[in-house]
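S.K.: Each chain, letter by letter, is given below.
Protein chains: 2
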Amino acid sequence: MGASTVLVDGRARDTIGIGDRGLAFGDGVFRTIAVRAGRPLNLRWHLRRLASDCAALGLPVPGEALLAGEIAQVAPGDGVVKVILTRGDSTRGYAPVPGAAPTRIVAGFPPVRHEASRARDGVAVRRCSLTLSEQPRLAGVKSLNRLENVLARAEWDDVSIAEGLLGDPRGHVVEGVVSNVFVVKDQRVRTPELTRCGVIGAQRERVRELLGAAGVECSEADIGWDELEAADEVFLTNSLIDAWPVARLGSRTWPVGPVTRRVQAMIAQDDARD
Amino acid sequence: MGASTVLVDGRARDTIGIGDRGLAFGDGVFRTIAVRAGRPLNLRWHLRRLASDCAALGLPVPGEALLAGEIAQVAPGDGVVKVILTRGDSTRGYAPVPGAAPTRIVAGFPPVRHEASRARDGVAVRRCSLTLSEQPRLAGVKSLNRLENVLARAEWDDVSIAEGLLGDPRGHVVEGVVSNVFVVKDQRVRTPELTRCGVIGAQRERVRELLGAAGVECSEADIGWDELEAADEVFLTNSLIDAWPVARLGSRTWPVGPVTRRVQAMIAQDDARD
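Those protein sequences? They're chains A and B, same order as listed.
Residue 234 in our numbering sits at position 234 of the first sequence, and the numbers go up by one each step.
Residue 193 in our numbering sits at position 193 of the second sequence, and the numbers go up by one each step.
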């Protein structure tokens, strides 16, 4: 995987036991955090989402100071940090053992470099044929159960396609394989409601917050594929790409719009201030 | 986890790298195999199901002789062997790397001892409140994405309840948390069709095969909760419990029936002959 530095439960180590529930059942959560000049970006939303995801699975949440310290330790300069929290050992089968020690993995990686054209000119995306399943108990949670994303990402190898969009069985667009989706129509911004499937990204939450603070309406809603196509602007967010304009989906093309540009600027400003 | 012996890719080792896709995404499959006097039971169906599950995920299947040899190595006497196959390293994110080396984990454990009364007198089960999600692409596959089972198993800690039954959103019973379900009505045996959710167990497949060979009708079907309650007999199967009669679900009780007894005898006979 090429991690520069890895801490497992605070100790320098890059392996876990084969009995860990993270491997056995995908029983855990993770976050991917961009670090610039030793400073994790948007850490407040990463920590909030970690806490929320841990609550959904009944996992203990590590202290913020502890996590921030370990992130600083594994990524002292520019880079990416992956945090994985699992329910620890799988001695008792599926049944969680109350009070059992969880596993905390904090791994630093070199920065991911994307072509500048993606943020500037936008990206081409495709609609995946895989349809997400609906599980309200896990909706929104960035858990280690990500086989749907793996199968969806395996659908294409055309390097000109930057992302695949995933839908639910009801005909709504839900998310990208590695990103959240926003649509803009008549100055109003909407992003899919993620209460039945999908992953709530830290970047998604920050963008909603920043738009709200700027007085731009941004609501969660069910969004049909036809509404996506009819949008004035579409953009994708995650913690490593910030916000990419969608320039093309099949035969539909979009110019980069003003709201997308504004969101990009808001993210950059917040990163500088954070 | 207390594994006696573990082989990772054929080498004695009980850890995997934190970048393994089995941990990162649950991108892999597993089987749990009972071993008696150094002989893995029902290996033919375990191997068939492994091959089928690997095909569903696009994973390479290890050779049968290789696997059988490693199973013999980690469980020379009585015990349980867990085989985990993952897609290997997660360097490229969700995108599978064609031809990349998978990870093969073969781990031996001491035998699991259940009270003899469970097979003899039957067990009490409960209906879980968690509803399984429907994903035809993963239905039947014993993948490492098992958070639904974890959440369902966390619903009860009453030790008098041996198993929880899970349903789908359409009102059918699908499986137990760790077992497959069979219902008997008027001498006809049925087991839930697992094309939208659920895990196809090796023991389930063997029982279907043995019943068929004995001229007992056994079909896959959608089975409503009311049909379950109306059944003459209900039994549960997996590779470690063989077949347990269901004696109670809520206020409904069942005596142990003749078809369940016959299935238990068939399994024992097949294990002896295998």
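Careful, some of the hints might be misleading.
[To be verified] Reference listing, derived: stretches of chain A covered by chain B, where coverage requires no fewer than 3 residues with Cβ under 8 angstroms from a Cβ of chain B:
1) 8 to 19
2) 24 to 37
3) 138 to 144
4) 178 to 190
Worth flagging that the hints you see were computed from the coordinates, not collected in a lab.
As the structure is a prediction and not an experimental result, all values here were calculated from the model.
Note that the Cβ used here is the ideal one computed from N, Cα and C, for glycine as well.
S.K.: Each hint needs a verdict: does it hold in this structure or not?
M.R.: Do the hints match the structure? See the list:
1. 8 to 19: With 7 residues in contact (Cβ-Cβ under 8 angstroms with chain B), the coverage given for the region 8 to 19 of chain A holds.
2. 24 to 37: n = 5 at 8 angstroms, threshold three: holds.
3. 138 to 144: holds (count 3)
4. 178 to 190: Since 1 is below three, the answer is violated.
In this structure, only the earlier hint numbered 4 is contradicted, and the remaining ones agree with it.
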